[in-house]
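Engineer: Top line first, the protein sequences correspond to chains L and Z.
In our numbering, each number is its position in the first sequence, counted from 1, plus 972.
In our numbering, each number is its position in the second sequence, counted from 1, plus 972.
Bear in mind the hints are in silico, worked out from the structure with no lab data behind them.
Mixed in with the good hints there might be a few duds.
Given that identical chains are not distinguished, each listed pair holds provided it fits within a single copy or across any two copies.
[As the list claims (entries may be wrong)] The calculated DSSO-like cross-link candidates involving lysine-lysine, where the alpha carbons are at most 27 Å apart (straight line), are: (1) Lys1033 with Lys1075; (2) Lys1126 with Lys1210; (3) Lys1013 with Lys1206; (4) Lys1126 with Lys1033; (5) Lys1126 with Lys1206; (6) Lys1013 with Lys1102; (7) Lys1102 with Lys1206; (8) Lys1210 with Lys1075; (9) Lys1075 with Lys1102; (10) Lys1033 with Lys1102; (11) Lys1126 with Lys1013; (12) Lys1075 with Lys1213; (13) Lys1075 with Lys1206; (14) Lys1126 with Lys1213; (15) Lys1033 with Lys1210.
Number of protein chains: 2
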Amino acid sequence: MMNEFEFISWLRQVLDRPVGRTGVAVGIGDDMAVIDLPGGKVLLGSDMVIENIHFTFPDAKPEEVGHKALGRCLSDCAAMAGEPVAAIVSVARPPEMPVEILKGVFQGMMQLADRFGCPIVGGDTSHSEKGLVLDVCLLGKCQRNEPTLRRGAKAGDYLYVTGTLGGSILGKHLRFEPKIEQGLWIAEHLPVHAMIDISDGLSSDLGHMCAESRCGAELFSHAVEAAISVDARKLSAKTGKEAMDYAINDGEDFELLAAIGISPSELPDLPENVRLLPIGRIVEESGILMIYPTGRRVEIQAGGYRHF
Amino acid sequence: MMNEFEFISWLRQVLDRPVGRTGVAVGIGDDMAVIDLPGGKVLLGSDMVIENIHFTFPDAKPEEVGHKALGRCLSDCAAMAGEPVAAIVSVARPPEMPVEILKGVFQGMMQLADRFGCPIVGGDTSHSEKGLVLDVCLLGKCQRNEPTLRRGAKAGDYLYVTGTLGGSILGKHLRFEPKIEQGLWIAEHLPVHAMIDISDGLSSDLGHMCAESRCGAELFSHAVEAAISVDARKLSAKTGKEAMDYAINDGEDFELLAAIGISPSELPDLPENVRLLPIGRIVEESGILMIYPTGRRVEIQAGGYRHF
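Chain L extracted, bound-state conformation:
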């Protein structure tokens, strides 16, 4: 019997065939699909947010659930250096859930939608047998630049993240700011060769970038150390697990990870809302290594969230 990973591998293979794919520049396997329309490239992607999988009530407020549902899609759009155009929301509500909760969910989405000029233009409503199910589909456009893909990273590129990492479970996963403006600024001002948002965890998402770019990466331990979030350190103090471990493997940071062709010392002045923390570089040999100041080299396994 086929297992889940075999299924996803089968799906990528059958969906990646050329039949009827005129105009599809990038299909399955990036943060969003890229489609060539007569007026330019558009982006299309979706993200599901499901009760008791991606959030639990009452830990999450309804507004935060809505924020997260749309925010995940916006973060994908940021990773493509795209501009959001419009969103579609499908929602399935379990029978016992008060409608007021759904209202809060939509208020959370609309606040974020307004901030990014991304109207919610339609969708579908239905019942669910158990748990709230939200699926947001986002249409984006790339008019100011080419979309930045997971593939394209080159040996010699430096790796940067747009913010600190780890411990998002303490709240950031419900309240993160999608890095739309940051993604656009990076694509317009820097020689960026590949970009992805950190949703599954740095080790997993860097692994995705390396697999698509057919390369490997070295992380500088002292630099990653400097990119550990306050929340990762809080968790570490509580559990005794290393804070570095949370920074490398925690999902849902929703920071951008970019492979850029210039070193930290060559970076131009950054606008106030853009942070770029250097954490390592791209190398030819596959695999991800952590390099310690002593010269010790340790292979990093993808430890983040795996879909399915």
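Could you slot chain Z onto chain L? The hints should help.
Structural biologist: Chain Z alone, transformed into the frame defined by chain L:
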């Protein structure tokens, strides 16, 4: 406490505000949203298909479930006289469901996608607590004509459907053909003022069209009689309920309902794949009436499926 209908009414109101809506030609309230992009108008819409709500296993084969999930979106696109460009599929699978079933679902979708040149370009996979959840989001384009909306029907227009009605529960709801080519042909060759697909039932969907167009409709009983499907008659023979009742109120026929500015005798020759069955006409006064040959006039209440 707010009830469901109040919620949907609230949602339509708050989502229909102008904030950030540059480029949104048509938002909530039609079969798909219409968005103005630099290269032309695009369409965006989504439909959820949920186990034990929209289908049950093993009554439905996995391939049929996939067909239905994508087909519903394609039918919406047909109603807008749009051409499908690409689809995004989000799927949440309950833990106990064999992956083989999911493979069948995607095979059903892909067969339909290939026939309509509409590649599946991405999506999301997740777990569900109970029951299979599929959400398909479709991107369409309108390059050969303006999108046909629910609003725009005028007193004097004749009402046509593209096929017979009722009894889809006997199988058509899983195996219908989305009327993409028919929708395009109608928009290109006839003075169509409004169009919708019959997903909730003729009485409900005609009601939607009339509400959006601020008009009413008269159905000619002998003409509707001639548009009753074989399956509606089969159901009627079994249950004793009138076949006409199934034709008027059953959902998921996925035929197009069009308000066209010419009478049946003025219609040009139709291509082989286009059927247009006249069933009534648009009038100024609100409400939907069934007109019998005797002159009797009976008001029809929306009796089809109501969302939520």
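Engineer: All the hints need checking, so say for each whether the structure fits it.
Structural biologist: We went through each hint and held it up to the structure:
Within a single copy, Lys1033 and Lys1075 get their C-alpha atoms as close as 11 Å, which meets the 27 Å cut-off; across copies the closest is 36 Å, which misses it. Taking CA atoms no more than 27 Å apart as the test, Lys1126 paired with Lys1210 passes in neither setting, with 39 Å inside one copy and 69 Å between copies. For the identical chains of this complex, Lys1013 and Lys1206 are neighbours neither inside a copy (43 Å) nor across copies (50 Å), given an alpha-carbon limit of 27 Å. Taking CA atoms no more than 27 Å apart as the test, Lys1126 paired with Lys1033 passes in neither setting, with 42 Å inside one copy and 46 Å between copies.
Taking identical chains as interchangeable, the C-alpha atoms of Lys1126 and Lys1206 are never at most 27 Å apart, the minima being 35 Å within one chain and 65 Å between chains. For the identical chains of this complex, Lys1013 and Lys1102 are neighbours neither inside a copy (38 Å) nor across copies (38 Å), given an alpha-carbon limit of 27 Å. For the identical chains of this complex, Lys1102 and Lys1206 are neighbours neither inside a copy (34 Å) nor across copies (35 Å), given an alpha-carbon limit of 27 Å. Proximity of Lys1210 to Lys1075 under the C-alpha cut-off of 27 Å is found in neither arrangement, the shortest distances being 36 Å within a copy and 43 Å between copies.
When the C-alpha separation of Lys1075 and Lys1102 is checked against a cutoff of 27 Å, the pair qualifies both within a copy, at 18 Å, and between copies, at 23 Å. Taking the closest pair of Cα atoms, Lys1033 and Lys1102 come within 27 Å of each other both inside a single copy (18 Å) and across two copies (23 Å). Taking CA atoms no more than 27 Å apart as the test, Lys1126 paired with Lys1013 passes inside one copy only; the shortest distance there is 24 Å, against 37 Å between copies. In this homomeric assembly, Lys1075 and Lys1213 never come within 27 Å of each other (Cα to Cα): the closest approach is 39 Å inside a single copy and 39 Å across copies.
When the C-alpha separation of Lys1075 and Lys1206 is checked against a cutoff of 27 Å, the pair qualifies neither within a copy, at 33 Å, nor between copies, at 43 Å. Taking CA atoms no more than 27 Å apart as the test, Lys1126 paired with Lys1213 passes in neither setting, with 33 Å inside one copy and 70 Å between copies. In the homo-oligomer, the alpha carbons of Lys1033 and Lys1210 lie at most 27 Å apart inside one protomer (24 Å), although the nearest pairing across protomers, at 50 Å, exceeds that limit.
In this structure, the earlier hints numbered 2, 3, 4, 5, 6, 7, 8, 12, 13, 14 are contradicted, and the remaining ones agree with it.
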